Every structure is written in structure tokens, then in C-alpha cells.
Amino acid sequence: MAKKINLPITDEDIQTLRAGDSVLLSGTIITGRDAAHKRLYELIEQGKPLPVDVKGELIYYVGPAPAKPGYAVGPAGPTSSYRMDKFTPALLDLGLKGMIGKGARSQEVTDSIVKNKAVYFAAIGGAAALIAKSIKKEELLCYEDLGTEAVRRYTVEDFPCIVAIDCEGNNVYDR
Amino acid sequence: MEVRTIEASAVTAAVKKLFMDCNYFIGQDIMEQLERALDIEDSPVAQSVLRQIIENDRIAAAEEIPLCQDTGMAVLFVEYGDKVCVQNGSFEDAVQQGVREAYEEGYLRKSVVSDPVFDRVNTRDNTPAVIHTKIVSGDRIRFTAGGKGFGSENMSAVKMLTPAYGVEGVKQFILDTVRAAGPNPCPPIVVGVGIGGTFERAAQLAKKATFRAIDTKNPDPRYAALEDELLESINQMGFGPAGLGGKTTALGVNIETSPTHIAGMPVAVNICCHAARHASAEI
Numbered sequence: 001m002a003k004k005i006n007l008p009i010t011d012e013d014i015q016t017l018r019a020g021d022s023v024l025l026s027g028t029i030i031t032g033r034d035a036a037h038k039r040l041y042e043l044i045e046q047g048k049p050l051p052v053d054v055k056g057e058l059i060y061y062v063g064p065a066p067a068k069p070g071y072a073v074g075p076a077g078p079t080s081s082y083r084m085d086k087f088t089p090a091l092l093d094l095g096l097k098g099m100i101g102k103g104a105r106s107q108e109v110t111d112s113i114v115k116n117k118a119v120y121f122a123a124i125g126g127a128a129a130l131i132a133k134s135i136k137k138e139e140l141l142c143y144e145d146l147g148t149e150a151v152r153r154y155t156v157e158d159f160p161c162i163v164a165i166d167c168e169g170n171n172v173y174d175r
Numbered sequence: 001m002e003v004r005t006i007e008a009s010a011v012t013a014a015v016k017k018l019f020m021d022c023n024y025f026i027g028q029d030i031m032e033q034l035e036r037a038l039d040i041e042d043s044p045v046a047q048s049v050l051r052q053i054i055e056n057d058r059i060a061a062a063e064e065i066p067l068c069q070d071t072g073m074a075v076l077f078v079e080y081g082d083k084v085c086v087q088n089g090s091f092e093d094a095v096q097q098g099v100r101e102a103y104e105e106g107y108l109r110k111s112v113v114s115d116p117v118f119d120r121v122n123t124r125d126n127t128p129a130v131i132h133t134k135i136v137s138g139d140r141i142r143f144t145a146g147g148k149g150f151g152s153e154n155m156s157a158v159k160m161l162t163p164a165y166g167v168e169g170v171k172q173f174i175l176d177t178v179r180a181a182g183p184n185p186c187p188p189i190v191v192g193v194g195i196g197g198t199f200e201r202a203a204q205l206a207k208k209a210t211f212r213a214i215d216t217k218n219p220d221p222r223y224a225a226l227e228d229e230l231l232e233s234i235n236q237m238g239f240g241p242a243g244l245g246g247k248t249t250a251l252g253v254n255i256e257t258s259p260t261h262i263a264g265m266p267v268a269v270n271i272c273c274h275a276a277r278h279a280s281a282e283i
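First to last, the sequence lines map onto chains A and B.
Read in the numbering used here, the first sequence has 143 at position 143, and its numbers run on one by one without any break.
Read in the numbering used here, the second sequence has 88 at position 88, and its numbers run on one by one without any break.
Worth flagging that the hints you see were computed from the coordinates, not collected in a lab.
Just to be clear, a hint being listed does not mean it is correct.
Stated by the list, open to error - Subject to a maximum C-alpha distance of 20 Å in a straight line, what follows is the list of computed DMTMM-like cross-link-like pairs (lysine to aspartate or glutamate):
{"no.": "1", "chain 1": "A", "residue 1": "LYS133", "chain 2": "B", "residue 2": "ASP29"}
{"no.": "2", "chain 1": "A", "residue 1": "LYS68", "chain 2": "B", "residue 2": "GLU63"}
{"no.": "3", "chain 1": "A", "residue 1": "LYS136", "chain 2": "B", "residue 2": "GLU63"}
{"no.": "4", "chain 1": "A", "residue 1": "LYS68", "chain 2": "B", "residue 2": "GLU105"}
{"no.": "5", "chain 1": "A", "residue 1": "LYS133", "chain 2": "B", "residue 2": "GLU63"}
{"no.": "6", "chain 1": "A", "residue 1": "LYS68", "chain 2": "B", "residue 2": "GLU104"}
{"no.": "7", "chain 1": "A", "residue 1": "LYS4", "chain 2": "A", "residue 2": "ASP174"}
{"no.": "8", "chain 1": "A", "residue 1": "LYS68", "chain 2": "B", "residue 2": "GLU200"}
{"no.": "9", "chain 1": "A", "residue 1": "LYS133", "chain 2": "B", "residue 2": "GLU32"}
{"no.": "10", "chain 1": "A", "residue 1": "LYS68", "chain 2": "A", "residue 2": "GLU138"}
{"no.": "11", "chain 1": "B", "residue 1": "LYS110", "chain 2": "A", "residue 2": "ASP145"}
{"no.": "12", "chain 1": "A", "residue 1": "LYS68", "chain 2": "B", "residue 2": "GLU101"}
{"no.": "13", "chain 1": "A", "residue 1": "LYS55", "chain 2": "A", "residue 2": "GLU42"}
{"no.": "14", "chain 1": "A", "residue 1": "LYS68", "chain 2": "B", "residue 2": "ASP125"}
{"no.": "15", "chain 1": "B", "residue 1": "LYS247", "chain 2": "A", "residue 2": "GLU42"}
{"no.": "16", "chain 1": "A", "residue 1": "LYS68", "chain 2": "B", "residue 2": "GLU64"}
{"no.": "17", "chain 1": "B", "residue 1": "LYS208", "chain 2": "B", "residue 2": "ASP29"}
{"no.": "18", "chain 1": "B", "residue 1": "LYS110", "chain 2": "A", "residue 2": "GLU144"}
{"no.": "19", "chain 1": "B", "residue 1": "LYS171", "chain 2": "B", "residue 2": "ASP220"}
{"no.": "20", "chain 1": "B", "residue 1": "LYS110", "chain 2": "A", "residue 2": "GLU157"}
Because the structure is a prediction, the values reported are computed rather than measured.
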């Protein structure tokens with residue numbers, strides 16, 4: 001039975017989640033992948049403010065396909081998370097509460113998840129048409145020039161994912 | 001010599017249809033193996049993942065939307081009959097135009113950047129496609145095309161093995177590559193293997209192998225047996241659907257081979273996700 005979680009996610013929610021739990025997320029999340037992470041990271045390194053406040057947010061690693069007329073969003077499944085590993089600890093230190101992606105993370109990311117009491121969710125890679133059904137609305141936040149890689153805000157309802165790394169560092173990919 | 005003329009616009013139309021079709025409609029070979037996997041998995045997580053993948057692929061086909069947001073870099077293998085003359089435009093331009101129209105009009109994602117290292121600016125129409133052309137005898141053009149997603153492409157590898165490694169060395173490299181990929185390339189995967197030729201031929205054969213239906217076998221019984229053995233070994237690794245554990249890490253292993261040099265035994269492993277999109281057409 002999947003746990004329903006209303007966003008923004010609370011510290012209490014995060015403490016109850018264990019690796020392997022199925023969850024359904026409802027509320028808003030932000031998006032960002034390779035190119036947006038690189039830009040955000042460079043701003044952090046330069047000590048400059050970010051164009052989007054990540055505090056308390058979940059970030060979804062996604063670059064959607066264009067929406068067909070009549071659709072809120074195009075197919076929007078997760079992309080491989082490890083490519084964001086270099087940038088993730090810095091975002092978690094700024095108060096990001098979690099990530100949604102797919103696949104394994106580095107030890108540095110796991111350590112940062114534990115340190116910051118955060119959580120890493122996995123969505124099912126390649127289930128983009130199905131996942132898009134749970135995304136009700138999108139809004140551009142920044143980096144429009146990046147096209148599919150722009151940072152957006154998604155309003156989601158019962159967005160399905162699995163806890164991949166919990167706040168104690170338990171990891172569903174360990175085998 | 002009798003020459004058959006084909007309008008460049010007919011080439012464009014054929015290529016456009018291939019890329020739209022392969023991104024909306026998963027092959028029957030893949031769907032059958034996904035359903036078979038659902039029968040043999042006993043963990044609830046693996047079953048749930050497979051059910052969602054199957055439902056996803058059905059939604060995509062019914063609504064004619066991409067089954068994965070990564071609609072890939074466009075790759076084509078072309079067998080170009082030597083009696084064909086394309087008129088009112090060049091063949092290359094006609095193919096690239098077909099890709100452009102498919103990605104623009106088919107609501108497919110544009111995932112190509114113009115320069116790999118410095119600019120990385122999106123070309124905004126998913127061109128250029130990667131085109132492998134072989135001149136064959138005849139008066140037809142045959143296309144085998146696919147949109148290759150990079151989550152799995154990034155997990156691929158080429159190794160210049162030497163003859164002393166033998167079949168055991170080949171197996172070990174393939175299994176090591178799949179193990180290193182682990183949960184990342186959207187399992188259950190299709191493993192394309194190219195053995196022989198030169199450095200680049202092995203890689204090209206591996207890509208071609210991922211475009212071969214997984215309900216087919218290598219015609220050489222020794223390689224067919226190797227395909228079966230590798231599939232079994234990979235499925236004992238336990239990564240399972242979405243890497244969340246299970247018996248189905250791969251749906252199929254396809255091997256393609258080529259003659260090679262006395263000093264060499266190149267092996268390439270091209271990994272493809274469960275959204276193994278390919279389609280063929282002839283004009």
C-alpha cells in the first residue's frame with residue numbers, strides 16, 4: 001500500500017520513510033537536470049543568489065517531451081540521477097529536501113542525504129506517458145533558453161515513486 | 001542499367017513515419033517479453049514495475065504520444081540499392097528533413113546539442129541524425145531506424161580484446177559492462193553486442209544488434225547459444241525491473257559479428273533500455 005504524502009514534505013514525513021516504501025506525492029515539485037544543475041552550482045560557487053529557492057523543495061530530474069495539444073505536459077519520466085551527483089550535496093546544504101530520479105547515487109550524495117535529513121525517490125524510468133498523467137500543471141521558473149532542460153514547477157497528484165535512499169542512508173539499490 | 005528514381009520527398013516521408021511510429025508504438029517482441037517477465041517475477045515490486053511499464057506502453061500507443069520522454073538521438077541503418085537515384089533533393093538532406101519533421105510535428109523531444117564539449121546548444125530539431133549507409137545491389141532503399149535514449153547509451157562500452165581472451169573473455173567483458181550499468185539504464189534492458197571488425201565496426205554492429213527484434217536469434221548456433229547463456233547470466237544478477245530487484249534484468253541479448261584482424265577481437269556492448277525503439281521500412 002502506497003503512502004500518500006502532501007507537499008511540501010515535512011521533516012516528520014521524511015523520518016517515517018524507509019527505503020523501498022511506495023509513495024504517492026501530491027502538491028508541487030520543481031524540475032531540473034544536467035544544464036540547470038550546472039548553472040545553479042556555478043552560482044553557488046560564486047556565492048550568488050539562485051533564481052529559484054530550493055529550500056524545502058523536491059527536485060525532479062526530468063526533461064519532458066513537448067505536450068500534445070490538450071495535454072498539461074508531455075511525457076515526463078525521470079532521467080539518470082548519477083549525472084547530478086556532483087551538484088546535489090551543495091543543493092541539499094541549501095535546504096533542498098529531496099530528489100526524484102532513477103538509478104544509483106554516489107556515496108557523497110548518500111552521506112549528504114543523511115547529514116541533511118533528506119530523501120531520494122526513484123520514479124520508474126521509461127514510464128513517461130504514465131507518469132505524465134499525475135502531472136496536472138506546469139509553470140516555467142527559470143532558464144527558458146534551456147528548452148526541455150528549463151526549470152519548471154509541476155503540480156502533481158498522486159505522483160508514484162519509491163523511496164530509494166532514506167534519511168538513514170538505507171539504499172534500495174544495494175544488492 | 002535500369003535506374004529507379006525516388007523523389008526526395010518520399011524518403012523524407014518514410015523517415016518521418018519511422019521515427020514517429022517507433023516512439024509511439026513499442027515492438028511486439030518487447031511487449032511479449034515484458035508480459036512473460038510479469039509471469040515469472042514473484043516479488044511485488046518487480047511485478048508492480050512491469051505492470052506500470054506495460055500500462056505506459058499501452059497508453060503511449062493508444063494516445064500516440066512518446067512512450068519515453070527521451071525520444072533519443074535518431075540513428076538509421078540504410079541499405080541503399082545501387083540502382084536507386086534520388087531526385088529533387090539529396091538523399092542526406094531528405095533523411096535529415098524526415099527526422100526534423102518527425103521530432104517537430106510528432107511532439108518528440110529535441111535532445112541534440114550542436115557541439116559536444118564547449119557550446120552544447122540545442123539544435124532544436126533533433127538533427128543531425130546518425131546515418132550508417134551501405135550500398136547494396138537492387139532498386140530499393142531499406143531503412144532500419146531507432147531513437148536511442150542516452151540513459152542506456154551512456155552505460156555502453158567498447159574493448160579491444162585480443163584473441164587469447166577467447167570466448168570466456170568476451171563473456172566476462174559483456175557481463176562486467178552490464179553489472180557496472182546496474183540499475184541505471186532502465187532495466188529490463190536489451191543488450192546489443194558487436195564482436196569483430198575494427199574498433200568502430202564493433203560499435204556499429206552492437207548498435208545494429210539493439211535494433212534487431214529480440215525474438216530472433218543469431219543464425220550461427222554457437223552465437224545463438226551464447227545469446228541464451230548471457231541472458232541467463234544477466235538475469236541472475238538480480239537488478240530486476242527498474243533496478244529494484246528481480247529476475248528480469250534483461251529482456252534479450254543480440255549478438256552480431258564480423259570478420260576481424262589476426263591480432264584482434266574487438267567487443268562492443270551497446271545497452272538499450274526497455275523502451276527499445278526500432279522500426280523498418282522499404283521504399
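Below or equal to 20 Å on CA atoms is what counts here, so check LYS110/B against ASP145/A. 13 Å, holds
Within a Cα-Cα threshold of 20 Å, do LYS68/A and GLU64/B meet the stated pairing? 9 Å, holds
Do the alpha carbons of LYS68/A and GLU63/B lie within 20 Å of each other, as the hint requires? Roughly 10 Å between the alpha carbons, so the hint for LYS68/A and GLU63/B holds.
Need the status of pair LYS208/B, ASP29/B: alpha-carbon distance at most 20 Å? 16 Å, holds
With the threshold set at 20 Å, check whether the alpha-carbon distance from LYS133/A to GLU63/B stays at or below it. Holds, at roughly 12 Å.
LYS136/A paired with GLU63/B [C-alpha distance capped at 20 Å]: 17 Å, holds
Against the 20 Å threshold, does the CA-CA distance of LYS68/A and GLU101/B hold or violate the hint? 15 Å, holds
Given the hint that LYS68/A pairs with GLU138/A, does the C-alpha gap stay at or below 20 Å? Holds, at roughly 14 Å.
Given the hinted pair LYS171/B and ASP220/B, is their Cα-Cα distance within 20 Å? Roughly 17 Å between the alpha carbons, so the hint for LYS171/B and ASP220/B holds.
LYS68/A and GLU104/B: Cα distance at most 20 Å? 11 Å, holds
Taken at face value, is the distance from the CA of GLU42/A to the CA of LYS247/B at most 20 Å? 42 Å, violated
Is LYS68/A close enough to GLU105/B, meaning Cα to Cα at most 20 Å? At roughly 10 Å apart (the allowed maximum being 20 Å), GLU105/B and LYS68/A satisfy the hint.
Violated hints for the displayed structure, listed by number in ascending order: 1, 7, 8, 9, 15 and 20.
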